[in-house]
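K.L.:
Given chain A, put chain B in place with the hints provided.
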Amino acid sequence: MKTIFLVDDSATILLSISNILAKAGYATEKAANGEEALRKFQSGIKVDLLITDLNMPGMNGIELIKEVRKLPAYRFMPILFLTTESQQSRKLEAKAAGASGWIVKPATADELLNTIKLVLR
Amino acid sequence: MDELTSVFIQEGREQLQTMETGLLELEQNPDDRDNINGIFRAAHTIKGASGVIECGFIESFMHKVENVLDRLRNNEISVSADLTGLLLRCCDHLGLLMDVLENGSKEPEDEAKTNGNALQSELAAYTSNAGSPTPPGQVIEAESEVHASGGGVVDTDSWHISVRFGPDVLRGGMDPLSFLHFLASLGEIVALETIPDAIPSAAEMDPESCYLGFEIRLQTRSSKADIERVFDFCRDDCELHILPPNSKVSEYQKLIKELPEDDMRLGEILVRCGALTQTELEEGLLSQKQADQPVSPQNQDASPLQQPLGEILVDHKVVRKEVVDAAVSKQTQISEKKAVEARLIRVQADKLDQLIDLVGELVIAGASTNLLATRSRQSDLIESTSILTRLVENIRDSALQLRMVQIGETFNRFNRVVRDVSREIGKEIDLVITGAETELDKTVVEKIGDPLMHLVRNSMDHGIEAADIREEKGKPRRGRVELKAYHDSGSIVIEVIDDGGGLPRNKILAKAIDRGLVQPGQSLSDQEIINLIWEPGFSTAEQVTNLSGRGVGMDVVRRNIQSLRGNCEVSSTEGEGTTFTIRLPLTLAIIDGFLVGVGKSAYVIPLDMVIECIELKENTADRDFLNLRGEVLPFVRLREMFEMSGTRPPRENIVVVQYAGQKAGIVVDHLMGEFQTVIKPLSSIFRHLRGIGGSTILGSGEVALILDVHALIQRNADLGAREHNFSRPDTTDFNA
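Protein chains in written order, with this note's numbering: chain A, 2 to 122; chain B, 246 to 981.
Only chain A is shown next, with the shape it has when bound in the complex:
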């Protein structure tokens, strides 16, 4: 079973996405902020895909992506970030930091799962 790591400071969004993923047969791992997520990565958690929000208090998504990419085990792991249509400029910033792609909020379950299918190997 593929494991997907979700990072978002909104508990509602974490829960709704993990519900969708669980129904689609993915295991999920969750963190509410960048620091917490990074600690889990540093402890060597086994993850097939990271989905992170960009705008979080403390360590934001872009910093998280940069830090995760520095860890050898996760250099080629697909990373998606959650964004909105109004944040075009941040997409490039996140891509430059090492993200693979993005999910535009609000996304339907199909959009979400299709995007995940696209990036998961």
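If you're looking for bench data, these hints aren't it; they were derived computationally from the structure.
The beta carbon of each residue, even a glycine, is placed where N, CA and C say it ideally should be.
Pair ranges (Cβ atoms, derived):
(1) B/His426 / A/Gly45: 25 to 35 Å
(2) B/Gly946 / A/Gly45: 45 to 55 Å
(3) A/Gly26 / B/Asp733: 48 to 58 Å
(4) A/Gly26 / B/Ser454: 26 to 36 Å
(5) A/Gly45 / B/Asp247: 33 to 43 Å
(6) A/Gly45 / B/Ile640: 26 to 36 Å
If you want the footprint, here are the derived chain A segments under chain B, 3+ residues with CB under 8 Å:
(7) 16 to 22
(8) 75 to 83
(9) 92 to 100
P.N.:
Same frame as chain A, but now just chain B:
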């Protein structure tokens, strides 16, 4: 209500609180960018989350709020009192909408709707003068822009896709193969040619870079936008050309010219994958030469290959203009507020209560085991139970810690209250908060809000003078109300301090005489006069204003605090201000106690208040104070106080306790040592008993009463004052 909605409501309320706190701070510091970002983020989170739970009325409302905040964030509009006022009213409205959602209604009542619409139109005023920004999500459709220039139509019904992946695709966590897989899910890949031309010699090859390109024929009913979407994630660093079915030959020519590979070789590849026939290719290459002639000079200078990738992509409408623009203007990343976010787990409060109850039972059971072990005189058993006892103590402390919350959240509510009320009554008042990080039991935090509200409103309404009067008195125009919390020997102290006019002694006394609380001619100390405000019936309609009145007297405030096993005091200097001091026990569940015995009964004194134990000398038998190393120590005899039968033992002990700076002694028969005390409240019929704060169960199963040290000290002082006929000493005089 489903789980998701309840999570949303809790989260939404927290974010709402963040917004409100942020907005209030914004009024003080309009230039704090971090704060504005924080407010925006909170609004944005609520909007996003409300979209997830499909709560349309919150989402659409928050969308408007977010738009305004976004403009504020981008410095397009500036902070003004009107704007923050409006946004605060929006917060109120949002709170209302949350209530609607929580009550399970489909949509708000008409009145709320009207209110919401009014707010939205006010908000619109802040967004209306914006230029018309590109609506989000607008993708420039390339299909309509296909250049219709020259040449015949290529006879094919498949899309042609040329893609050259950028070297960083793999490092970005993407696999070229996954794009192909996904493309295949849109339709059928009729032909596919791999272009390995860019692969360098083995020695120079970087295994982490991607050198591959593909020419793909795809038969699909999807639109160009759908196909482009597949490559969305790599479009910035790959070269992508998509030709719709039945494209003109000239389109293919352009394609060939633009791709990095050799024209002839590429032509062959296109023929091989069935995009073009040999004839079409030859025709095309021929006409290309002709077409090259009339090209304007500047275009000849820069061949398309030397053009920056971005321009090429924009030229061919493959990439949105805004995306490239945004990349060029390297937007400085606004550093996020580095708030140290504690890692949190949400637990339902009743689960915690249940745990604490169980720990309480565990403590009692542990005490009983301990007792039996001691009686058995088996050293092994005693040792192992003592280890167990220590662990139980640790568990108890950790469990109680779970219930502790910071008082800051409660305090922060007052920012809003002070702001609104000071405007309403036309006074200028600042609120200062200190000790917001002080922790206390959640139950206490919940119940302390109302009494605090009353005290703060009281200070604002009666304490702080109007600005002009303040100026006359030589005080700063702006009044100051301070909320302060700190720990002090086993209790938490909350103070409400104002720098207003203080309590007017004469008026209070006059009113008290009027109400029959005091006899005319009775002489009272200043402190006694001030304390009259706590008397039931003192606060009267005369005093009631729309603020502090509310039909609640100070006696109710005091009763509320006493029901939390706390007490409150007031001190005031006329002309300088008033301080209300509330003392509350740290926890309402389990404490460390000190067990003492009188006759056959056992009593518990909260250990935090115990300073020392001394032996009562014979010669003090007829007095109720003694000389403790030069200090006068009044004491109370429990045996007398509780009218216990039986004779005094030959040697009695005094437990010296301290409460709110006062020391006093409690005379008991014997000392039995420390005892973990699970507090069981006394039933309401015992509530009038002074000197007893609760009960607990001993290891033997017997009941012990918990002494209310404050009441004992108070009683002692009162008695002393009456019997010796001198004015009751001020609180500090005990130490003198």
